[in-house]
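The whole structure should be built from the sequences, with the hints applied where relevant.
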Amino acid sequence: MTAKDPQRLRRIVVAFVLMLGFAGVLCRLFTLQVLQAAELTVRADRQHRKTVTVEGGRGGIYDRQGKVLAINMDVPSVFGVPTSLENPSGVARDLARVLHVRADEIERKLRQERSFVWIARKLDPEQGRSLESLSLEGIGTVMEGRRFYPKGPLLAHVLGFAGMDGQGLEGIERRYESYLHGEKQLVVLQRDALGRTVFPKGLNEQAPSAGHNVTLTIDEVIQYIAEKELDEAVATTRAKGGVAVVMEPRTGAILALAISPKFDPNAVRAVSPDRWRNRALTDAYEPGSTMKVFIAAAALEEKVMEPGTLIHGENGQMTVAGTVIHDHEKSGWITFSQVIQKSSNIGAAKTAMALGEERVYRYIRAFGFGEKSEIDLPGEAAGLVKEPKNWGRRSLASMAIGQEIGVTALQLVTAVSAVANGGWLMKPYVVSDVRDGKGQVAAQNNPQVRRRPISAETAKTLTGILEGVVTNGTGAKAAVPGYRVAGKTGTAQKIDPQTGAYSSTLFVGSFTGFVPAENPRLAIVVIIDEPHAEAWGGVIAAPVFRRIAEQALPYLGVSSQAPVKLALAMVGDPTP
Amino acid sequence: MKTVVFAAVMAVLLLYVWERVDIVRVGYHVERLKSKKVALQRERDELRVKVSALTAPERIARAATEQLGMMPPRQGQVVLVRVEPTAPADAGPPMPELRLAKSEVGGRMP
Numbered sequence: 001m002t003a004k005d006p007q008r009l010r011r012i013v014v015a016f017v018l019m020l021g022f023a024g025v026l027c028r029l030f031t032l033q034v035l036q037a038a039e040l041t042v043r044a045d046r047q048h049r050k051t052v053t054v055e056g057g058r059g060g061i062y063d064r065q066g067k068v069l070a071i072n073m074d075v076p077s078v079f080g081v082p083t084s085l086e087n088p089s090g091v092a093r094d095l096a097r098v099l100h101v102r103a104d105e106i107e108r109k110l111r112q113e114r115s116f117v118w119i120a121r122k123l124d125p126e127q128g129r130s131l132e133s134l135s136l137e138g139i140g141t142v143m144e145g146r147r148f149y150p151k152g153p154l155l156a157h158v159l160g161f162a163g164m165d166g167q168g169l170e171g172i173e174r175r176y177e178s179y180l181h182g183e184k185q186l187v188v189l190q191r192d193a194l195g196r197t198v199f200p201k202g203l204n205e206q207a208p209s210a211g212h213n214v215t216l217t218i219d220e221v222i223q224y225i226a227e228k229e230l231d232e233a234v235a236t237t238r239a240k241g242g243v244a245v246v247m248e249p250r251t252g253a254i255l256a257l258a259i260s261p262k263f264d265p266n267a268v269r270a271v272s273p274d275r276w277r278n279r280a281l282t283d284a285y286e287p288g289s290t291m292k293v294f295i296a297a298a299a300l301e302e303k304v305m306e307p308g309t310l311i312h313g314e315n316g317q318m319t320v321a322g323t324v325i326h327d328h329e330k331s332g333w334i335t336f337s338q339v340i341q342k343s344s345n346i347g348a349a350k351t352a353m354a355l356g357e358e359r360v361y362r363y364i365r366a367f368g369f370g371e372k373s374e375i376d377l378p379g380e381a382a383g384l385v386k387e388p389k390n391w392g393r394r395s396l397a398s399m400a401i402g403q404e405i406g407v408t409a410l411q412l413v414t415a416v417s418a419v420a421n422g423g424w425l426m427k428p429y430v431v432s433d434v435r436d437g438k439g440q441v442a443a444q445n446n447p448q449v450r451r452r453p454i455s456a457e458t459a460k461t462l463t464g465i466l467e468g469v470v471t472n473g474t475g476a477k478a479a480v481p482g483y484r485v486a487g488k489t490g491t492a493q494k495i496d497p498q499t500g501a502y503s504s505t506l507f508v509g510s511f512t513g514f515v516p517a518e519n520p521r522l523a524i525v526v527i528i529d530e531p532h533a534e535a536w537g538g539v540i541a542a543p544v545f546r547r548i549a550e551q552a553l554p555y556l557g558v559s560s561q562a563p564v565k566l567a568l569a570m571v572g573d574p575t576p
Numbered sequence: 577m578k579t580v581v582f583a584a585v586m587a588v589l590l591l592y593v594w595e596r597v598d599i600v601r602v603g604y605h606v607e608r609l610k611s612k613k614v615a616l617q618r619e620r621d622e623l624r625v626k627v628s629a630l631t632a633p634e635r636i637a638r639a640a641t642e643q644l645g646m647m648p649p650r651q652g653q654v655v656l657v658r659v660e661p662t663a664p665a666d667a668g669p670p671m672p673e674l675r676l677a678k679s680e681v682g683g684r685m686p
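Chains as they are written, first to last, in my numbering: chain A, 1 to 576; chain B, 577 to 686.
It is worth saying that the hints were derived from the structure and are not from the lab. Careful: at least some of the hints might be erroneous.
Here are the simulated SDA-like pairs of lysine to any residue, each with C-alpha atoms no more than 20 Å apart in a straight line [claimed, not checked]: (1) B:626 <-> A:144; (2) A:228 <-> B:648; (3) B:610 <-> A:37; (4) A:438 <-> A:207; (5) B:613 <-> A:446; (6) A:50 <-> B:648.
In this text, all values refer to a predicted model and were calculated from it rather than measured experimentally.
As structure tokens, this is what we get:
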């Protein structure tokens, strides 16, 4: 053997070992890349990719001035991973301090044999920050959208509320759900070995679009005024509840809709679901004397009566179909105007009888009673208007004084608006427009005429009579200094649920009217349900009408007098 | 010649590797900026809720009446003033209607 031989052998051995190594690598590569390719690709994808559902934020709700009434905000929800916890009781104690819940309750959750458990959902942002500073092991937070109603109970019955998963359950939130909810989208995220999100290559990433924003016809300030005055009246009369609706007579737009008692949409579970009902449109009641307005409208339109027509008051007592109709005030011959102004039941019954069943029914229906007004809010009731074939012998007289008929507060304010605006029955609405994130209009409500129950001339004559109700009739307390008010009081007995007959203790006091009479800007209905002590609409509801009107009119810039004219001398050219 | 070709190939390869690395780096930066944007949006929403709650009419009315001693204007205290310019008609557009709140009953206001 030569001296070179051992070197050559070594080279061969080294080369062989290296070749063997490379062959091993190639084999492994072949196994991984070819034989197990499909299975491993799936496993890698599972580790690198994460599919999450991303939802665009729910749209906001704004008043007519653009003030926020409902808005979404991302807030932390806290969860635990019980299987990775070493000291559940210590963690529970720390959490309890921040979350203000009992430590043993949290500990019970953390001791479960599960890998995921919710501890608290949708916390306040402050609590989330406190939790982050604790940085507890085995406890994590995720952000979830929560609905906030920053004004608290203001307008709660119209706004409604959204559930824990962000779906609208009542009011506007429910009716406009299809516009308000954000778009849902499945997004695939790429993650690195540390679980951080990697910017996706070649993916045309687009965030899901947020829900549309809804603008209401409601004015936050008028709403506040209506709620404040209604609540005060309900409290002082110790009534069961109350409703006040303010409408713009020319358009049918609702400016305020107040229900008492209120609830806070941020904490709906704190009250019974009965409280959530928007009773201005879900509950029908017997209106009592406010119905005389529409009987009078029919009589004037049909030329059955004129303001000066004399009617005998039967000295306060008249028998109809074997039952006696009483008047609050005994009278002999009085004019038709006085029948309305003094709210004579006998005069109204005689007027209805002069009109006859068919015409009374036709006009009551023409003013929108007995049918839904189609307002853009859920749960509206049609009320109850019987067809003449189902009327009894007393029905005609009863209807004239607002008995045997069920109407909602919304129907009443819409009908009185028709008198205010010259005879047009408008479709009431609370949403003026719906816009997408870029401000483009997606839906819009414009004033819509439903029909015309009376002529402008009749409306004008009737307005004059209704002004008399306030100047020298039962509605004196509705008078707003400096403005001409037209309206009508109503005091209705309720049916006693136990006896099935009219109760002598349960009443509904109401006032419905509009102001200024010569150019109406506001139509208002106020209903006080089951007040204690005093029950007359003219005493309990009329002052609420006055207080709402006297604050809302200056706010709207409606002058109580003719504008003062000032002549200003222009000095020089105002433009630079 | 060989060296030049080798250097060129290596340069291209290095450029390719540098580019890939930079894409990843920028990707992380984009992700960081995105989470910052989300955090700022959350802060904006939180502030919006706060502003809205603080401007609630009930709170404003309470602060005005209880802390500042204000009261709703009485009849006659709000006067609408229509301003009519005496300058010639072609001097410019007509002046808009001005609304002035004026205290006519001095001494009654606190």
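Hints, one by one, checked against the model:
For the hint linking residue 626 (chain B) to residue 144 (chain A), the alpha-carbon distance of about 19 Å falls within 20 Å, and the restraint holds. For the hint linking residue 228 (chain A) to residue 648 (chain B), the alpha-carbon distance of about 14 Å falls within 20 Å, and the restraint holds. Distance hint between residue 610 (chain B) and residue 37 (chain A) is unfulfilled; the C-alpha atoms sit about 34 Å from each other, more than 20 Å. As the CA atoms of residue 438 (chain A) and residue 207 (chain A) are separated by approximately 14 Å, the hinted pair is consistent with the 20 Å bound.
Taking the CA atoms of residue 613 (chain B) and residue 446 (chain A), the gap is near 38 Å; set against the 20 Å cutoff, the hint is violated. The straight-line distance between the Cα atoms of residue 50 (chain A) and residue 648 (chain B) is roughly 59 Å, outside the 20 Å bound, and the hint therefore fails.
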